[in-house]
Amino acid sequence: MTATTALSAPSAPTHPAAGRSPAPAARRRAALHWIAVHTVAIAAALFFILPFVFVFLTSVMSDDQALSGDLWPTEWNWSNYADVFNTPGFLDWWRNSLMYAGLGTLFTVCSSIPVAYALAKFRFRGRRTAMIMVISTMMLPPQVIVIPMYLVWAQQLHLSGSLWPLIIPMAFGDAYSIFLLRQFLLTIPREYLESAKVDGSGELGTLLRIVVPMAKPGIAAVALFQFFYCWNDYFGPQIYAAQNPGAWTLSYGLESFKSAHSVNWNLTMAATLLVMAPVIIIFFFAQKAFVEGVTLTGVKG
Amino acid sequence: MATLTNAPALRRKARRERLRTLGFLSPWLVGFTVFFGYPLIATVYFSFMHYNQIEAPTFVGLRNWRYVLEQMPLFGPALWNTLWLVVVMVALRVVFGLGIGLLVTRIKSGAGFFRTAFYLPYLAPPVAATVAFVFLLNPGTGPVNDILGNIGIHAPNWFNDPAWAKPSLVLLSLWGIGDLMVIFMAALLDVPKEQYEAAELDGAGAFHKFRYVTWPSITPIVMFAVVTGVVQTMQYYTQALVAGKLASGVSIGPGSVIQPGYPDHSTLTVPQLVYSLGFQNFNTGAACVLSLVLFAIAMAVTTLLMRKRAGLLSAED
Chain X
1 MTATTALSAP SAPTHPAAGR SPAPAARRRA ALHWIAVHTV AIAAALFFIL PFVFVFLTSV
61 MSDDQALSGD LWPTEWNWSN YADVFNTPGF LDWWRNSLMY AGLGTLFTVC SSIPVAYALA
121 KFRFRGRRTA MIMVISTMML PPQVIVIPMY LVWAQQLHLS GSLWPLIIPM AFGDAYSIFL
181 LRQFLLTIPR EYLESAKVDG SGELGTLLRI VVPMAKPGIA AVALFQFFYC WNDYFGPQIY
241 AAQNPGAWTL SYGLESFKSA HSVNWNLTMA ATLLVMAPVI IIFFFAQKAF VEGVTLTGVK
301 G
Chain V
1 MATLTNAPAL RRKARRERLR TLGFLSPWLV GFTVFFGYPL IATVYFSFMH YNQIEAPTFV
61 GLRNWRYVLE QMPLFGPALW NTLWLVVVMV ALRVVFGLGI GLLVTRIKSG AGFFRTAFYL
121 PYLAPPVAAT VAFVFLLNPG TGPVNDILGN IGIHAPNWFN DPAWAKPSLV LLSLWGIGDL
181 MVIFMAALLD VPKEQYEAAE LDGAGAFHKF RYVTWPSITP IVMFAVVTGV VQTMQYYTQA
241 LVAGKLASGV SIGPGSVIQP GYPDHSTLTV PQLVYSLGFQ NFNTGAACVL SLVLFAIAMA
301 VTTLLMRKRA GLLSAED
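If you read the sequences in order, they're chains X and V. Using UniProt numbering, the first residue of the first sequence is number 1, and each one after it goes up by one. Using UniProt numbering, the first residue of the second sequence is number 1, and each one after it goes up by one.
Here chain V stands alone, though its shape is the one from the complex (with noise of 0.2 Å):
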């Protein structure tokens, strides 16, 4: 470099650019810094204290965490219900998405019409999907109940059963597979066409040009499906509290406090039982905790995420 003719303008032309950097970076430096780096310290902070959020916060030392992790009784049901629709929700999920993916990208006639309609169900909001859901099967008045008597399937009770209510909780999520349906699809429009066409030439019947041609050049896009739908399932909560409520046909009225996961914590997840915690038992000390258990797990998911798919970090990096 010519640092000897004019080192002083070169430096000078360095601080200008840093300055630059930085006040194109700083709604996102403020923003981190006070809505993700305070809180993160504050959560660590009150996971060691006691408060009730009138009186002053009074330091307990590890009592939080043991109390969270070893004694609180719905700590194992919500950990046992989140871990159950993480690896039930999301292989699933994923399994129908690639599913529906497969079935789009064949579909001759009417190609349009039935992308629209796979893919509608995504953009319900997640209380209305659930309301209507809850509705739908409703064992009593729902029509879906109704349907599979006429035609002599003895239903369950979905939603009102605890050993089924996860189960509809999962069949929910399959009806708003849209956003996987469109990643996958692309996906498989991106495989290049002389493979297949190699593939049978050598005689390569649908099963082996799926194993050996569609299948390695998407498992990246498969694997970024595994993992931001881990990240989102550890995050469940509308629809398993909205179909609790529900379900359980409780008037509630604004503070009125009902134990949530209906029927007998089958719906209770992790964030569910933060929000118990905090917001209606306010024991701030132990809801911090149970936040930080669910953070050391989201981090954990997120680390593996830069491993496996250095590619969300692409091209120029």
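Only chain X is shown next, with the shape it has when bound in the complex (with noise of 0.2 Å):
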């Protein structure tokens, strides 16, 4: 912008009169511009936020209207999200959500961060191997490794039907949270760390002091990721909770709920609202580390 306006203005004194006369054009031509822009925004966002407003009109129809196709419902049955509540089973569904994506993200984020750090600012042998090994680790589908990992989960410790199986491994870095903050404290300049370490703090000291806060953003854009990617899972939750009810999250015992209430779409609507809801919440609240945390992962290669 200020680029643009520095390269034209010194032409407008010499032609005065060829300046004046393309404004109107010009003006006109950014209008059309303006507008077909938006046109074409407006149509795009019909496209994305359409299904979320048809998805809460048929949460609050009734159950025949539901089946009906209607777009407006006659009446507005709030009661439809008390009895989704009421189901048997929804409420530990939220808990066991709760502590899979609660724990999940705070073990995650303590056994990642030292990892990233030594990964972005030791030098040591085999730095650049262990780099590609952890982004290998997370290039690959987690159906390649599930099999052996379940059988010893359900015969040697027996810990199948509940979400421990996929909660523990978190406490031993994710690869997908290593290199997004490894990314991050690329970033963070050699001399805060130098400096630290001249006034006498050791490596951990600089890590949890320097590196931590500076580290912040990053760390919550981590715990951002984290916290919805187990809120998200389905296929963990259906490998090690499937055959206890009393295991299952909302993203896994959703599609169930659904297959039991074979006829009523309201309800299952209400439920899938219910089940996005905390992740929309939550992005209002902390839409800068998220978009952060995308563009770090993508761009700042």
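It should be emphasised that the hints constitute simulated quantities derived from the structure, not laboratory data. Hints are not guaranteed to be accurate.
[Unchecked claim] Output of the computed footprint for chain X on chain V, the stretches with three or more beta carbons under 8 Å from beta carbons of chain X:
1. 34 to 40
2. 208 to 215
3. 274 to 287
[What the hints assert, rightly or not] Mimicking DSS-like on lysine-lysine, the simulated pairs with C-alpha atoms at most 25 Å apart in a straight line are:
4. K108(V) to K288(X)
5. K193(V) to K108(V)
6. K13(V) to K121(X)
7. K197(X) to K13(V)
8. K121(X) to K197(X)
[What the hints assert, rightly or not] Ranges of calculated distance between the beta carbons of each label pair, as one might list FRET restraints:
9. Q280(V) to F47(X): 31 to 39 Å
10. D83(X) to L19(V): 40 to 48 Å
11. G149(V) to A43(X): 16 to 24 Å
12. S201(X) to V60(V): 17 to 25 Å
13. F56(X) to G149(V): 36 to 44 Å
14. F56(X) to W84(V): 30 to 38 Å
15. R211(V) to F56(X): 37 to 45 Å
16. H154(V) to D83(X): 17 to 25 Å
17. D190(V) to I132(X): 22 to 30 Å
Beta carbons are placed, not taken as given, at the ideal position from N, Cα and C, and that holds for glycine.
Dock chain to chain to rebuild the complex, using the hints, since each chain is given by itself in its own frame.
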């Protein structure tokens, strides 16, 4: 923007007439451009937003109307939401989802920070190999290693039917979080760390007192992503919790909720919104951390 | 170096540094060995065993491999569906994501609103998004076909038609384009403004500006989006499974076994087949063969990523 005005400004005084006459045409072109862009934007916005609107409107319809294909509810049955909460097991699913996502996030953040720090700031042999291994595990489909892991958790440790087989491994670092944090830590200038060391701070002290406070936005992004990963996870709970409905999470339970209420689309849509709600609410409080996290993985490579 | 003066002290320092590094890396070193190294080796071991998870495993040589690669009726469809999704879904996601990214950088009024609107669906839990789409696109009770009917469009049966089930999944994935929008937007805003001005002075139109200024500078990000998209789509599981189950209308209790991929195996993907073999048919050997096939493809793509995007290892390496 500033560059444009700087470039065009000097030409104006030399050709006053020429400068004035194209202005209305240019302004008209700019206006048309504005209209075109915003028309496309509104059309696109409808594609992204209307599904939420339809889901919400259906969630307050009566049982019969939800089956009719109607768009607008004739009566607003807010009690549908109460019915969802009163469905046996639904509150347990909330509790399990919160436990999985909460503990999983805490474990991941605590275990991934030191690893990311070493990979970003220490110089040692095999550093590049270690990074390649981290990225490889990040890229690996979870289905590749799930069978032997399941056998160990189920047959040796007898922990299937619970979420612990999903939570415990998170205390040993998560490749995606390590990668993202490392990208963030690379941006912290070495001078800060060196001056801390000159002041007599040990490596661990430097990490806790200098690096962690400076990396707060990065840590926030990792925490959010991990929380959402756990909240949204379907495959993990299906493997380990399927046999025990008491250990189901919201993401896993939702599909069976629909199966059990095979005709009640209104209740299903209410439940669907309740599964989405925490994610969307958290997003509105933490937008910046989010966008930073996404761009960091993709761009700042 | 001053090795002559105090070599032992330096060596002691080097050892301390090595221990320190190991200490910081230890959570991941343990995790990598236990939760990645071990299962990978065990998967190879089980791929040569007959094992139903009750009796002890017995060695059967290449029998599982031959069964999966030559005889298993569902291997072909699953591989085909996965490759179809990898090609079509990734291509359309990149094109659409880039389009939305370009659009967002041009919006002058209400940019914040539009950006949030485009981003939000990406956050919707996959199961919730799938359940919502199966309802919205439901031919009988969903609002979409109702609306299309009212304006005179004969709508397809979406998730209930073998020819439309995969395109419906693509539509669902385009709805969740938010992550790509953000990285493309950031890349587009990084293109130096001076280059556009120089191109304008040379009389370049919109197309030429995109072709000769925008494109060369965003190619690394497009490449990144393609490769990560391919890796993600090879893991495609939840949406396909949930859409197939819900659209089939079968009431599924825990423990009941249904053929995945409704309708007509059109939504059966390789990861679903791994689950079905390992956890429903208890054919551990075949499931392990299939996961190794998946692993081989994933590794090939990852290696490509390392080559094409050395940038991932960036700056200080």
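Evaluation of the provided hints:
By the rule of at least three residues with a Cβ nearer than 8 Å to a Cβ of chain X, the coverage given for the region 34 to 40 of chain V holds, with 6 such residues. Counting residues of the region 208 to 215 of chain V whose C-beta sits closer than 8 Å to any C-beta of chain X gives 0, which falls short of three, so the coverage hint is violated. Requiring three or more residues with a Cβ within less than 8 Å of a Cβ of chain X, the coverage given for the region 274 to 287 of chain V holds, as 6 such residues are present. For the proposed pair K108(V) and K288(X), the alpha carbon gap of about 20 Å is at most 25 Å, so the pair holds.
Distance restraint check for K193(V) and K108(V): the Cα-Cα separation of roughly 17 Å lies within the 25 Å cut-off, and the hinted pair is therefore satisfied. Simply put, K13(V) and K121(X) have alpha-carbon atoms about 17 Å apart, close enough for the 25 Å limit, and the pair holds. Using a Cα cut-off of 25 Å, the hinted pair K197(X) and K13(V) holds, with the two alpha carbons roughly 15 Å apart. Only pairs whose Cα atoms come within 25 Å are accepted, and K121(X) paired with K197(X) is accepted, the gap being roughly 13 Å.
The hinted range of 31 to 39 Å is satisfied by Q280(V) and F47(X), whose Cβ atoms lie roughly 36 Å apart. A C-beta distance of roughly 59 Å is found between D83(X) and L19(V), which places it outside the suggested range of 40 to 48 Å. For the pair G149(V) and A43(X), the beta carbons lie near 20 Å from each other, so the given range of 16 to 24 Å is met. For the hinted restraint 17 to 25 Å between S201(X) and V60(V), the CB-CB distance of approximately 59 Å leaves it violated.
F56(X) and G149(V) have their C-beta atoms about 22 Å apart, which leaves the hinted 36 to 44 Å range violated. In this structure the supplied range 30 to 38 Å holds for F56(X) paired with W84(V), their Cβ-Cβ distance being about 33 Å. Evaluation of the 37 to 45 Å hint for R211(V) and F56(X) yields a pass: the beta carbon distance comes to about 42 Å. Look at H154(V) against D83(X): about 36 Å separates their beta carbons, and that is not inside 17 to 25 Å.
A C-beta distance of roughly 26 Å is found between D190(V) and I132(X), which places it inside the suggested range of 22 to 30 Å.
Checked against the numbered hints listed earlier, the structure breaks hints 2, 10, 12, 13, 16; every other hint is satisfied.
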